[in-house]
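Since the structure of chain A is already known, use the hints to place chain B on it.
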Amino acid sequence: MRLILAAGLALGLAAYVCAEEGGGFSFEPQLTNSETGGKFVASGKAHELPVGAMLHVELLVRGQSRHPIRAAFMKVEVKEDHSFTGEWMWQGKKLAPLTYEANVSLRMNKQPPPVRRELAKNYGWHGDHNEALTTIEVPLGTPEEAEAFEKETLTRLISSIDDLEGFIGEGVALCSQPADSEGWLGKFQELAGRIRVRYRLMRDFHQSVVVRQQEGLFKRLINIYSGMTDALRNHQAGLPQGLETLEKLPEATRILREEINSRKPIESTFPEDETPEDGDDEAEPRVGEGAGK
Amino acid sequence: METNPGADLPAHRWRSEIPVDGSSLVTRALNPAGRNQGIRDLVKAVANPNTMLSKFGAPLAGGSRVILPGIDTRMPRFVDKSDLVAMTTEACFDAMGFYEITSLGLVLQHGVENDGGGFDTVVIAAQTEKQVVQVYSVFRLTSQQDFERHRASMVSGNFMPAQDLNWSYSIKGANKLAYGPFTHATDPTQNRAEGFQGWPGVLTGPNYSLERLGTNTLWQIADEYVPATYDGHLTLNNLLALKTEPPDFMIGFSRGQLKAFKVRAWWEPRDQQFDGTPIDPNRPTHPADCFQATGGDPQTGGELDRLASPLNGVAHQPRLNGVVAFDERSVVDELPPSVAETSAPRNMFLEGSAMWNSGVAIHGRRVDPTSGQAQFLAYDSGNLDLLSGSSVRFWVQPLVDPFLREEEVLLSFVGDDGRHTGIDASGTPAYTDRNAALNAADARRFGFRVIKKYDPILGDIFIRLETIGGWATGGGGAPDNRVQFVVTPTSGAVNPLQPEWLPNSWHWVVVNFGPTASASPPTRISLQVDMVLSDPANSLRVKGDGALGSIIEYGELMGHDWGWGGPFDRGPLRPGASNASVFWTEARFLGDWFHCDVGLSTTTTSDSATFGPNAVQYNTSTMQYEQGPDWPGTNPFPAGSVNRKMSLSFSDNDTTDSIDPPAPVDMTNTAPPGSPPAWTHVFTSTEMGPDGVEGGPEWGISARASWDVLQITGGKCNCCEPAADGGVGAAHDSRGTGKAGRQTQINPSSGKYTFVQWWGPGKMAPSLAGVPDTGSTALGFGLHAEGDDCHGCEACDVDGPVFFGGEPGPAVFNPSSPPSGPANGNYGGSTGAAAPNGVNASTMAYAVFDNIAFVNDSVRRTDNLADPNVHFFEDRYFETTLAFHANALLSESNYGAFYHRGLLEFLGQTGDLGTLTWTAYPSMENLEFSVALWELEDFLGGTGSSPPLETIWNATNALLLDNAIGPPTRPAGSPYGAATTTSYSNAYTTNPVSGSAQLALPAPPGGYGINFSTIPRYDGIGVPGVVDPHLLVLGIQLEGVPTGGPVAGTAAPGAGGSSVANTVRTGTTGVRGAVPQPLLSTPLFEDVTLTMVLLRPKIVFAEEGTEE
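Line by line, the protein sequences are chains A and B.
Take 1 as the starting number for the first sequence in the numbering used here and just add one per residue.
Take 1 as the starting number for the second sequence in the numbering used here and just add one per residue.
Think of the hints as simulated: they come from the structure by calculation, not from any bench.
Among the hints, a few may not be true.
[To be verified] Residues of chain B clear of chain A, computed beta-carbon distances all greater than 10 Å:
(1) Ile71
(2) Gln484
(3) Thr490
(4) Val532
(5) Phe611
(6) Gly633
(7) Ser649
(8) Asp654
(9) Pro664
(10) Thr680
(11) Val682
(12) Thr1089
(13) Lys1098
[Unchecked claim] Pairwise CB distance ranges (calculated):
(14) B/Gly22 to A/Ala148: 30 to 36 Å
(15) B/Gly34 to A/Trp184: 44 to 50 Å
(16) A/Lys121 to B/Val138: 49 to 55 Å
(17) A/Glu244 to B/Pro281: 49 to 55 Å
(18) A/Trp184 to B/Ala663: 58 to 64 Å
Where a beta carbon is used, it is the ideal one built from N, C-alpha and C, also for glycine.
Looking at chain A on its own, in the form it has when it is part of the complex (with noise of 0.2 Å):
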């Protein structure tokens, strides 16, 4: 068996090759952006799998959430040379400089019969079966395009809050007054406005790309956004609990505001302690048990 891992910078590019003489199981996937959006292929060979198997290729990103966001998913099948690839694209929207996973596994439940009962043969795996074959690291961009980015997404985030805090406390101000008072509609209008403007520079950031960094706290940021721009329609609907939930915002700005802060400097986007194994070689591709036999 030998082990091969290349990492490109322009692209992305990672393969993990685990090959008898002329069989085993290999694995390429490739990340690309071009001018309509990003791409990402997945090929490789199955030699000790039946033609007809199907394979579940993910592409994923781990942060820091317990949960990785999945950017691709996708069924491939083995042909009859025993290769398997397919390909996902996401239009107008390009793959961020960062580093991705992308793994290969069988599902015995998602396998027509005659695969399946010649898998369970081979391999005396069960009906709900679900076998790892392969992970891979892809990284994608150079590391000084990697900085910048995670850079960028610092960035913008601090600067959300700031303007979060900000509409915060213009809402808690325009919500002491009652909502049928004369002008208050105006000054709605005008405040609602602005947050729309600065809600949406964040949020075309957010959608630019397909997967970003720090990924739940944007999702955070915006609940807290639209926890705000509900407590501003709940007042001018006269509702008592808009002004309370406006009050209470800062408190959840705030512990965002740590968190975002806490992330500076630069965090490793696959920490070592959510490695699916540590101390092992982060260089070396995880192998499911079976995988290349």
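Only chain B this time, still in chain A's reference frame:
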């Protein structure tokens, strides 16, 4: 009555009401200055011969392609043919076989001298002959009725029999379907013995067409449903393919009913072993009349039926068909023959059937015609395992612009414990185990809901999970009762990893809730939309789950005081009553059953007794303060009392001095647990008399005993109430049979009881921990409820209807028609209906719902990443065989994207096949249908047979296509989807009629199609007794997807006694190699046309022209 803000709008209206909000793709597409898609669709609606109604949740594939800056997508057509008020001739660019031929005959004369001296040729006689001839005939399949007629369901793979037929389910709580026999109202010849038989592999629309009859009808659509004649298309199937287990609840509207076919089956602790496993796996406690338990048919009236059926009354349920005429049931509301069309105009799209192939439509204007109240779906929360955890999953297809309405409720589960919920207005509980009171105004206290939320300030669409009733707290910042995703359509893509709430797109919504490990904190709630799962760090957690270090808000001290007057006496946990007690605190999960004091209340009475003035005296011999003559000689505390205290008070025996006695002081019980109390006190100098030293003048010292008595009043739920035999209720029974609780026995050596610690329903731990002997303590416990023997009957857990597509109105909603009193909340309808006054129409979604499943048990949550086999995604459509998903016994049979149809219309004709053309739209993932045509010989079953044998066109001829003519090779480059170049022994081994000579037309703009220029003449007549007529069979299937088929010829006969041939491929060898998972959209097949060149043109008109 609260009005529905959207109710005054036409259904499916494609207009954003947010004029300044350019976020809506619909608004952008409709913009007259830009795309102006409405006008484009109007033109299409006028010109297109296909009706293509967009109002029945038509697949996006059939919508219009909309190109906006940075976006290339499809949207439902904003205008379809049903919107037109003035019709014109539809556009057709085909002569349809008819040609006008005009022949002009001239007699010329040359050499006629003209005026210029030259010579001309002149006409001296002329005559025209004009004929209109039909050169070829056109055969077109375009309506649903066209596609259903002569459908060749017998071809392997087209039809999957329902396992219900065999009724061999081993899953508890399966609801035997009440299909068939069918008795026609007027025509006995149409009676049929068999009922529901199974499903087709490819669906025809727009009318519901899934429920099929038996073999003697060639699995035609059930009589209750009529294929549409005004429109038609084919789509992939969308059955629910989820392995079910006993705790699950499942609804698949494909079965043509609103009733669940599987309800939750659960065992109360009395029927479980100490480790929670059922004592009798085949006999669940609930539903009590589960067929496994009774062997009878539990279809009506039993608990199984009630758990399966919608809770709302029939009038408030979505209509399964548009029936008025007895045998014409369709999406169109048919009128009885006696009613003139003009006298009772019906809205085709709102008053017809709400059940389509894709699910059940909910809309604020889909109302009960009698009451005018909206129709909705509500099911019993008894199907939720609230203690072990659950995930509620369903598919939803929005039908309108998500920007149209600010809020649409997709799911609502808000209930209460048994104090406030009930079922029946008459006071009779619908469940025998429920003795809850009737509805009250506060019947909706706890729960959660999932809504689609449009935020007009931010301009975003959210799918939001909100908890209700203060149950939840956020994991990291306000607002603390929600988790949500942005699903604003921005790219128009159908991507399960980045869902966009496009009109007519399908989405999978999952709410996971409950403890992450069964019955153990912490509890979490998470939301999943398609493949996107909320981060647990931001998930909602139930307050008091202990994980946050907070007070166990809903926990309570529970105690069993066994051995005191009987193992399950209701006496409160107290000191001195027995030599041991069991107690613990229990976090209360969302929906955990409340303490079994449903009807109980606890009254605390404080009392005391004083003994003095010489209860304590100074003993000069021992030089100690000791018991005096007034110290109580016996235990001063009444049995069952708690909060026992002894205190000392001081009085002045010498009134001549000016020194006042000190304040009373409490004594301390220093006895260790298990020992008699030892009340002690260390005297201070001020307590030693006016002189401050022992032995001199002393105070008079009285002892005061104080205590609380807790009195429990009221009754318990049926589960624990005394049984008819005079026993102490089910508790007694369970103990007596030694099922869950164990009979406690006094250990003869220790003199103590052996206890079993009971960790709530289903959890009986064999050990005992932290059990103080309370016999000597005076502290007692701060009980606010007593211990009990709750069996998990769920009479007092959080109950509330689970609403889909809306939520109940406020408690006093529509008080003008109260069937159950002044306040109506969740229940109380005169027929046991949920939300008797209906749904709050202002909350209603405009959407289609399908494949609802409650998957119980925490390990099966979609956010359980610890289980690599967790089913974290579900397919909406199936591009491969479905059989192994749905039916283990038939796992060998192929069942998927197949459609075959016999062209029996061609029998009796002979001619040269001309072209085969069709209209189809790829799915959003670019999956396509392909078409094939076979010519079968021996239609009558044997060449030259006389008399003819059985025709090959019969219901059991699964190998029908084996009769096909032609070499077993596949033409290169053909878009046919039939076979690979190497054959394998299934129905597709034979070749399309054209064989190797077939020519495939190029891709558009040549048009997909097939011509038959070199094909031998088709003979649909034959020679009687010599040559049988041939039969054409049309095949349509999914093309170019991974197939997962085996190597050629390796398939074995069908297993499980199936007569279905063993075919294992549903498509051809995949050309794309991969498909996104899950598959969220379907391709659409709209029509197919086959032309046949006549042997000689048929003259349909001839005219002799002018003669000169």
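Hint check results:
no.: 1; hint: Ile71; result: violated (8 Å)
no.: 2; hint: Gln484; result: violated (6 Å)
no.: 3; hint: Thr490; result: violated (6 Å)
no.: 4; hint: Val532; result: violated (8 Å)
no.: 5; hint: Phe611; result: holds (55 Å)
no.: 6; hint: Gly633; result: holds (61 Å)
no.: 7; hint: Ser649; result: holds (50 Å)
no.: 8; hint: Asp654; result: holds (63 Å)
no.: 9; hint: Pro664; result: holds (46 Å)
no.: 10; hint: Thr680; result: holds (49 Å)
no.: 11; hint: Val682; result: holds (48 Å)
no.: 12; hint: Thr1089; result: holds (33 Å)
no.: 13; hint: Lys1098; result: holds (49 Å)
no.: 14; hint: B/Gly22 to A/Ala148: 30 to 36 Å; result: holds (31 Å)
no.: 15; hint: B/Gly34 to A/Trp184: 44 to 50 Å; result: violated (35 Å)
no.: 16; hint: A/Lys121 to B/Val138: 49 to 55 Å; result: holds (52 Å)
no.: 17; hint: A/Glu244 to B/Pro281: 49 to 55 Å; result: holds (51 Å)
no.: 18; hint: A/Trp184 to B/Ala663: 58 to 64 Å; result: holds (60 Å)
Going through the hint list in order, the structure does not satisfy hints 1, 2, 3, 4, 15.
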